[in-house]
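Protein sequence lines correspond, in order, to chains A and B.
The letter at position 166 of the first sequence is residue 165 when you use numbering that gives the first Met the number 0, and the numbering goes up by one with no holes.
The letter at position 150 of the second sequence is residue 149 when you use numbering that gives the first Met the number 0, and the numbering goes up by one with no holes.
In short, the hints are calculated from the structure, not lab data.
You may find that some hints are simply not true.
As the list claims (entries may be wrong) - Derived, one-sided and incomplete: chain B residues facing chain A with beta-carbon distance under 8 Å:
| # | residue |
| --- | --- |
| 1 | Pro3 |
| 2 | Glu14 |
| 3 | Ile31 |
| 4 | Arg230 |
Ideal placement from N, C-alpha and C gives every residue a C-beta, glycine not left out.
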Amino acid sequence: MCVAVPSVITVENLTKHYRNPASGSRAALRGLTLDVPAGEIFGFLGPNGAGKTTTIKLLLGLISPTAGHGTMLGYPLGSVNARRHVGFLPESPYFYEYLRGEELLDYYGRLFGLVHHVRRERNESLLKLVGLWDARRLAVRKYSRGMLQRLGLAQALINDPDLVILDEPAGGLDPIGRREMRDILLHLRDRGKTVFLSSHILAEVETVCDRVAILHRGELVAGGRMTDLLSEGREMELTVHGVNGALSAHLGGMPGVEIHHGTDVTVVILPEHALVYQAIEIVRASGGQVVSLGAKRERLEDLFVKLVGGPNGEGQG
Amino acid sequence: MSSPIVVIAQQAMREASRRRTLPALVIFGCGIILSSAFLSFFQLGVEIKFFKDIAMTVIFLFGTVATLVIVSTQLSGEIESRTIYNVLSKPIRRWELVVGKFAGAAVAIGLAIAPMVAILTFFIYTDHGGSELEAVKGAYLLWLAFTVLSAVALGIASVATSTVTAALTILVFVVSYLKGAVTTYLDLISAHPVVAYFGQALYYLLPNFENFNTRTAVVHDELVPWAYLGRTTLYAAALVCLFLYVGIQLFEEREF
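Same shape as in the complex, but just chain B (with noise of 0.2 Å):
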């Protein structure tokens, strides 16, 4: 007997498998990592930096729109096709249900790089291109910002559309890593202590996405320090746990 979590989850999973856009996505993002190692060949001398560096930015890319699509249709797409009564209706809290999805949504984004993932490391151990541990951190750090992402956007789906959903988790996204630009750009335009602690709230509560990013360490043959590893992982479950609990608040008030 598994726990709700767990079979909502498999069931995330599923859904996130059997609908085309992620098998897709995943083909299409696998094929253009194949595509560069072959076209790197005409980079002389920085094949590799130039492969790895096409390779983190195509996982980059296809795994925040993997995210996108799978998270926003999640729990907002439940209760648009009406599937939630049928949910609700059996034996489980609400939190078990935003859990389960948040759960079975991190790892079928797992699943969804992973071969990108791989095809990246193959490259990198049969041309002798650095290290392959090294480019398998910089991937589970991508992978890490993806749960952030899923969370973020669980929290505006237990209240918004799928479509609302995906523009605001864009919007969230887009100004995380722009945030340093924006708090610079209020002080700028208003000296108002309104607008500097609007400014400073945004940089504080809004996560910091380029924590996650180590693209550069990874094509330039740098080292990850465990450490970071270890205290960028507390950072995702702190944002993750957060982002969470407001949406499971939410979720818990809501009405079908």
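Only chain A is shown next, with the shape it has when bound in the complex (with noise of 0.2 Å):
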């Protein structure tokens, strides 16, 4: 039985055109149709241009729609009702430089009506969770990039939202703070929040996205489950080690066969299964070693690069 999960975000054929008074309208988004299903990770990539954050704006009524309409948690995008339900971390987000920052959550927990015992619970509880306790009496003008980025991220969660939209969230984050960011999308999703990812960082997007969206040049190129989208194909990958240059010919002379040399490992890439008997016969023979043997999954960095990566940003979408 299949059970049709809500939708949290819908858009039907939005579009937004800027007017510019020297080279007259540009269109910034063509007709974006999209459904975000609730309890998932949403990633919502393009390269720079492509339309996200005007998408975003739109989601929350920063700037109005040319044509189409949408909802957002089943209410008209931008409304009151939809905004008190969402948490928004704008890209490079800016703070008011003379607050600290627990003033700062305090403020937009305010904003959201909270009374005062539950912000100063969430006060705390968010500091501590981005790793900013310590530092929750220091002027925010103090911060670094990668603090104000924790902070931004505390601020889109002061109000326990339904839906939290991230653009860039990874942004001026070291690995360590990157890892915390994931870790604190999933367990998002595990309490059923639903997280909409605007990001550059494709490998973090593929590590907890449930589903993504590629918008190129305003339009949607490709979207759906990241299972279906990165489906595996019929190629294996072979690692080898100790691959010398008669190994490596013997190899190479087989059908359709890739070879791709590292500095201690050797990446062979077979078309079909067939031929994975052969080759490790022959690594075996000439005294190389089968380090690992797997299907090849095509990466989201390979499919993003097909659809939007071409020449001159021509992509095969």
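These two chains come separately, so use the hints to put the complex back together.
Below, the structure written as structure tokens:
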């Protein structure tokens, strides 16, 4: 039995044109139709200028659509009722520099109408969650870029939102910070929250997202479940240690085989399962060692480049 | 649980107090008034009048500067520093942001001129130099003028940068004071009906800030009638509503 998951965000034919006195009208978004199911981490991808931030601004009502419509949490886009249940982290967040970290969170909590004791509890738990508890009394102007990003995440969660919209949340974070951010996103999903994640860091998206949409020049070029988009093909990936010239020549002689030499190991891409035993036999006979063998899975980066990364950004999508 | 307007107003007041310009203006203004209290000692026979004249002028000048400093950065500063994204993504309406900013600025300006008014009334009381109540009435009318100026500035700030807001607000303020002379000059240079209509529109649309100036009455111990105070309060309220309404309409249409 298939149970329909309710959509948290639904947009249909969403279009945005910016007027420019010098160059006339410029289309930032062209007829975007999108459904974001509840309780998932949704990756929103695209190169610079693809229309990701424009979409987020339309969702939040910071700008008005030229055409199209949609709902967020069942309310019209940008409505106050929708924003009551949404947390938002803008790209490179900016805050009041004269406030201290805890004062800033308290102010945003008050804008959500949270009562004093709830604000106090959330401030403490969120500042501890993002690792800023010790810096809570420090003026925001003294925060580093990474600390500002952490503070931005804390303020996005102050209302315990049902939907969290994050625009490049890993910007400015060090590797440990990125890992912590990833853990927080996964924890939010485990609690039934929906995360709308706009990011350039494809490895991060691939790790945490259940579903992605790829935008290019204002148009949706791909979308769906990660497992469907990055389906395993017929190709096999054989990693070999101790490859010499003769072995390399032997393997290269097999039909349709690709060889990628690394510093320590060599990766052999076999076009068919049927070639696996033959390749292993060649490696064994030539004194090489098989390190690993598995189905070659397409990476999100490969798909992304295929769709949007051709010459002059002309993808195949 | 406070209304968003109250929360935004309190934040605007906190911003005004934490920026160093406003406390510096207050200290400087109070310093000048205190200095004039001792300088007036040399104005034999007219000491207290000299002091009241100086004090009212300082309150007017520093209040005007404080208004420009506070209000020109309230809304446009929020847009320029991009903090607006974090605010407008919260469950508040745009008109609540404008009204909250206005309310916060009006209270902050009142608090900024309060120490100067306190010094003025203290010296009037100790020198038996007239009615302290009339001085407070005069200061209240000046504060009304500052609230009108705040509404003008917020109206401009809804579509302009903080620098342009400050410049245009000063222009409106100056032209409003000189509007009688400007309309007379327009009549003189052209008899064209369009120019005449423009002059009339300018005359009626711009606030008449002279209505809020009772400095002469305070200096010479003349009474400021309560009825005048009431009428001027209504006049200020009407102007504030008009300029805030225009500002809100423009801000509602703005894209970020």
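Now for the hints, and whether the structure bears them out:
At a threshold of 8 Å, the smallest CB-CB gap from Pro3/B to chain A is about 6 Å, leaving the interface hint in force. At a threshold of 8 Å, the smallest CB-CB gap from Glu14/B to chain A is about 7 Å, leaving the interface hint in force. Contact between Ile31/B and chain A, as hinted, is not supported at the beta carbon level, the nearest pair being about 27 Å apart and thus beyond 8 Å. Because the beta carbon of Arg230/B sits about 38 Å from the nearest beta carbon in chain A, more than 8 Å, this interface hint is broken.
When each numbered hint is compared with the structure, violations occur for hints 3 and 4.
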